[in-house]
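Chains as they are written, first to last, in this note's numbering: chain E, 1 to 313; chain D, 1 to 303.
FYI, nobody ran anything at the bench for these hints, they're computed from the structure.
Be aware that one or more of the hints could be misleading.
Claimed, not checked - List time: in silico SDA-like cross-link candidates among lysine to any residue, alpha-carbon distance up to 25 angstroms:
1. D/K211 x E/L32
2. E/K268 x E/E144
3. E/K60 x D/I161
4. E/K268 x D/I148
5. D/K192 x E/K76
As the list claims (entries may be wrong) - Quick list of simulated restraints, FRET-style, between CB atoms:
6. E/G210 x D/M289: 36 to 44 angstroms
7. E/L100 x D/S56: 50 to 58 angstroms
8. E/S273 x D/N162: 15 to 23 angstroms
9. D/A26 x E/M224: 19 to 27 angstroms
10. D/R163 x E/N59: 26 to 34 angstroms
11. D/C38 x E/N227: 26 to 34 angstroms
12. E/S273 x D/F49: 31 to 39 angstroms
13. E/I208 x D/F49: 48 to 56 angstroms
14. D/M289 x E/N227: 23 to 31 angstroms
15. D/V94 x E/V88: 37 to 45 angstroms
Here the structure is a predicted model, which is why all the values come from computation and not from measurement.
Glycine included, each C-beta is placed from N, C-alpha and C at the ideal position.
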Amino acid sequence: MAQAAAIGGAFEERGASRGGGLARRRARIAFLLCLPLILLVLALVIYPAFYSLHLATLNKSMTRFVGLANFAFLFKRETFWMVVEQSVIFAVGAVVFKALIGFVLAHLVHRLPQRGQRAWRGMLLVPWVIPPAMSTLVWWWMYEPSYSALNWLLAGMGFAPVPWLGDPYWARFAVILVNVWYGAPFFMIMYLAALKSVPAELYESAEIDGANAWQKLIYVTLPMLRNIIAITVLFSLIVTFANFDIVRILTAGGPRDMTHVFATWAFKLGIESNDIPLGACVSLFMFPILGIAAVFILRDVHRRSRELAGVAA
Amino acid sequence: MLRPEVAAPGAVKVASGDLRRQRRWALWSAYACLGLFCVFFLAPPIYAFVTSLKTSQEIAALDGNPWLVRDPTLANYAALLGSSTFLRFFWNSVKVAVIVVAVTMVIATLAAFSLARMRFFGSTVLATGVFLTYLIPETLLFIPLFQIFTWLRDLTGIEFINRWWILCIVYPTLTVPFCTWILIGYFSSIPKELDEAAIVDGASTLQLLLKVFLPVALPGLIAATIFAFTVSWAQFLYPLAFTTSIDQLVLPAGIVTNLIKGDVFNWGQIMAGALLTAAPPVLIYAFLMDYYIAGLTAGATKG
Numbered sequence: 001m002a003q004a005a006a007i008g009g010a011f012e013e014r015g016a017s018r019g020g021g022l023a024r025r026r027a028r029i030a031f032l033l034c035l036p037l038i039l040l041v042l043a044l045v046i047y048p049a050f051y052s053l054h055l056a057t058l059n060k061s062m063t064r065f066v067g068l069a070n071f072a073f074l075f076k077r078e079t080f081w082m083v084v085e086q087s088v089i090f091a092v093g094a095v096v097f098k099a100l101i102g103f104v105l106a107h108l109v110h111r112l113p114q115r116g117q118r119a120w121r122g123m124l125l126v127p128w129v130i131p132p133a134m135s136t137l138v139w140w141w142m143y144e145p146s147y148s149a150l151n152w153l154l155a156g157m158g159f160a161p162v163p164w165l166g167d168p169y170w171a172r173f174a175v176i177l178v179n180v181w182y183g184a185p186f187f188m189i190m191y192l193a194a195l196k197s198v199p200a201e202l203y204e205s206a207e208i209d210g211a212n213a214w215q216k217l218i219y220v221t222l223p224m225l226r227n228i229i230a231i232t233v234l235f236s237l238i239v240t241f242a243n244f245d246i247v248r249i250l251t252a253g254g255p256r257d258m259t260h261v262f263a264t265w266a267f268k269l270g271i272e273s274n275d276i277p278l279g280a281c282v283s284l285f286m287f288p289i290l291g292i293a294a295v296f297i298l299r300d301v302h303r304r305s306r307e308l309a310g311v312a313a
Numbered sequence: 001m002l003r004p005e006v007a008a009p010g011a012v013k014v015a016s017g018d019l020r021r022q023r024r025w026a027l028w029s030a031y032a033c034l035g036l037f038c039v040f041f042l043a044p045p046i047y048a049f050v051t052s053l054k055t056s057q058e059i060a061a062l063d064g065n066p067w068l069v070r071d072p073t074l075a076n077y078a079a080l081l082g083s084s085t086f087l088r089f090f091w092n093s094v095k096v097a098v099i100v101v102a103v104t105m106v107i108a109t110l111a112a113f114s115l116a117r118m119r120f121f122g123s124t125v126l127a128t129g130v131f132l133t134y135l136i137p138e139t140l141l142f143i144p145l146f147q148i149f150t151w152l153r154d155l156t157g158i159e160f161i162n163r164w165w166i167l168c169i170v171y172p173t174l175t176v177p178f179c180t181w182i183l184i185g186y187f188s189s190i191p192k193e194l195d196e197a198a199i200v201d202g203a204s205t206l207q208l209l210l211k212v213f214l215p216v217a218l219p220g221l222i223a224a225t226i227f228a229f230t231v232s233w234a235q236f237l238y239p240l241a242f243t244t245s246i247d248q249l250v251l252p253a254g255i256v257t258n259l260i261k262g263d264v265f266n267w268g269q270i271m272a273g274a275l276l277t278a279a280p281p282v283l284i285y286a287f288l289m290d291y292y293i294a295g296l297t298a299g300a301t302k303g
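Model the full structure from these sequences, guided by the hints.
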């Protein structure tokens, strides 16, 4: 009985107050239902995140507080600045190409007759479905210097063989290429879903006004897709910035540490060289980008949850 | 349809024929462009498949087209499926994935039900927080988590590092936030009249959830399940950092650390292993593509 009454409270949002006791009991049930989630997030996300701040201030054997000495040590190392540079190049370069390719693909698929779209979409999303660690292995094999299938194709077209992973700059290109290959389909799917939600009338009236394809793109499609483009780019920037699998498997940071990104370098220092505080230090540099993203996303989510609340009430 | 009735049918026909030719040309160029991208996207898996059918001798021979196979053999697959190491990895992966999916779905469903329908102090903050949690990458957390588990071992005497089940503890941090977010969206789209009717009929909270919400939000549940499974199946960093011995490793990390040893690469087996590892998520995708895509796009397009 009491339980039924408590659920009855589910409708109380509009009825405001039908006795504070009921509302309180209902709120307690609601809170209990969320408790596992809250505990999980507190114990395994929030706490570790703050714990890494603490770890970053310890010495290597974690026995002594050294303040910001770890950071000072990092700033003096050339490798650190190389990692910063490569992380930015990797993330920005990959996201730009993923977004562009995804945008073009979404348009091409959207233009096809309805019944053909499924098959094309299905094929184009395959890179996203394969576990990235496994597809990176395949890329590694395609880049392999002596048996490289890619160099074989290049030779067939009359180009000289490329030292894909042997030369630092080619290696930087190679890791970005794999990331673009893996991530572009995700952008395509997002943009395709968004394109489908643009009302056809907008294009029709633009056409009546004499707009050409380019003008329709600039004045109808882009404004309508602005939000989704912003949010996918932001998400992807975070994920790409924090990417680990691709660099780890393809180059493990080499040649000459020039392909290390924050995640792989943190792994190398923290887990492989057993210097946990220094590793924690390095991974903390992923926070700023997260912070910036969080501000933008919070704005969006706030609007969204207000809408949700609007629906619920 | 009305066009033939326009005053100058001839002129219109020419114009529309022109337009049709233009459209057809645009369509064919779209097909050509998409075809090129398909080649780019599908070349790696196809090349992996071709290599997996080759013997080591054929791979080592530098003559001929590497994209073709002369004497196809299933020996690489047979060797993997007959190796206790690979089967061990596979079995560990299955255990981890099943447990993670179950845990994720229970936590996410309860929380989403509460956040979509009920209010309590801080519930809107929590809904936002869940979403932000999803954005915290695992590469930020693996070092503190590693240290926490070492610390817990010293405290309790239980070994956490290098046990496969540790993955069941850490993977939910990757799956639960997004699954909760998807399910909040699905649950809020259920009309309130439905639960009102159920409650008038005397349903309890539990019955409301089990008999009304779950069946109605089934597509959302499937999408969330697929997401949780693919994430836990593909995770690479945590197993690489937390597990090392052969009997505790799961698939992607196991393949990378164990099939690649020393200077001799058995590429045929590595490629066969990569394909076998990719098979479960790819099969799920092939059969449940719409749910898979719904799960992907749910995060961003709702709102």
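Hint by hint, here is what the structure shows:
{"no.": "1", "hint": "D/K211 x E/L32", "in the structure": "holds, 20 angstroms"}
{"no.": "2", "hint": "E/K268 x E/E144", "in the structure": "holds, 23 angstroms"}
{"no.": "3", "hint": "E/K60 x D/I161", "in the structure": "holds, 20 angstroms"}
{"no.": "4", "hint": "E/K268 x D/I148", "in the structure": "holds, 19 angstroms"}
{"no.": "5", "hint": "D/K192 x E/K76", "in the structure": "violated, 60 angstroms"}
{"no.": "6", "hint": "E/G210 x D/M289: 36 to 44 angstroms", "in the structure": "holds, 39 angstroms"}
{"no.": "7", "hint": "E/L100 x D/S56: 50 to 58 angstroms", "in the structure": "violated, 40 angstroms"}
{"no.": "8", "hint": "E/S273 x D/N162: 15 to 23 angstroms", "in the structure": "holds, 18 angstroms"}
{"no.": "9", "hint": "D/A26 x E/M224: 19 to 27 angstroms", "in the structure": "holds, 21 angstroms"}
{"no.": "10", "hint": "D/R163 x E/N59: 26 to 34 angstroms", "in the structure": "holds, 29 angstroms"}
{"no.": "11", "hint": "D/C38 x E/N227: 26 to 34 angstroms", "in the structure": "holds, 29 angstroms"}
{"no.": "12", "hint": "E/S273 x D/F49: 31 to 39 angstroms", "in the structure": "holds, 38 angstroms"}
{"no.": "13", "hint": "E/I208 x D/F49: 48 to 56 angstroms", "in the structure": "holds, 50 angstroms"}
{"no.": "14", "hint": "D/M289 x E/N227: 23 to 31 angstroms", "in the structure": "holds, 25 angstroms"}
{"no.": "15", "hint": "D/V94 x E/V88: 37 to 45 angstroms", "in the structure": "holds, 39 angstroms"}
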